[in-house]
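Novice: Sequence:
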Amino acid sequence: MKKMNFKIILVIILASVVLAFAYNYNDISSKGLSYLTAKGPAVSDSLLEVGFSGSNSSKELEGGTISYEQIKARVNNPDFIIIDARSPEDYSKGMIGEAINIFPYGDESEYFEKIYTLERGKKYLIYCTGGNCDLSHHLAEDMKTAGFENIFIYEGGWEEWVTK
Numbered sequence: 001m002k003k004m005n006f007k008i009i010l011v012i013i014l015a016s017v018v019l020a021f022a023y024n025y026n027d028i029s030s031k032g033l034s035y036l037t038a039k040g041p042a043v044s045d046s047l048l049e050v051g052f053s054g055s056n057s058s059k060e061l062e063g064g065t066i067s068y069e070q071i072k073a074r075v076n077n078p079d080f081i082i083i084d085a086r087s088p089e090d091y092s093k094g095m096i097g098e099a100i101n102i103f104p105y106g107d108e109s110e111y112f113e114k115i116y117t118l119e120r121g122k123k124y125l126i127y128c129t130g131g132n133c134d135l136s137h138h139l140a141e142d143m144k145t146a147g148f149e150n151i152f153i154y155e156g157g158w159e160e161w162v163t164k
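Reminder that position 163 of the sequence shown reads as 163 in my numbering, one-by-one numbering, no gaps.
Hints in this document: simulated from the structure, not taken from any laboratory.
Zero decoy hints are in this set.
Capping the alpha-carbon separation at 16 Å, the derived lysine to aspartate or glutamate pairs in EDC-like fashion look like this:
hint, residue 1, residue 2
1, K72, E159
2, K114, D142
3, K122, E49
4, K122, E98
5, K123, E98
6, K123, E49
7, K122, D79
Just need the whole structure built from these sequences, with the hints factored in.
Specialist: Next comes the structure, spelled out in structure tokens:
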């Protein structure tokens, strides 16, 4: 077996990273890396109630975050659907209100079927564990791609919910 040349391996890894950033440059520059960017402030209650109109449909998800007080005030509001993006195991241990569970890393066909059967005229409040959990962001991006406009993320997530 020949001795591996670590310089060549290092160059290949470096080239791969540079190509990955170059290929994804538009997404990175417009959205930032979610784990490096600060989460925006919570949306106003008026925007949360009215939602995004067609003219705002291209609005980025940043800024589409809600606070503990905002989700608590809407737990029983039929205009809002709460979605728990955590794993089914975590969901079975407890949820916010009558939240439905849509786990982004489960069975892919079941995942997209759940998204496409959601009502279009509702507003969606999505949460996951909280903190550094990106499951809610992943689900929100897929819903946005599917044409949903009124998507809000509860950044505090389950961790904040159970402590208050």
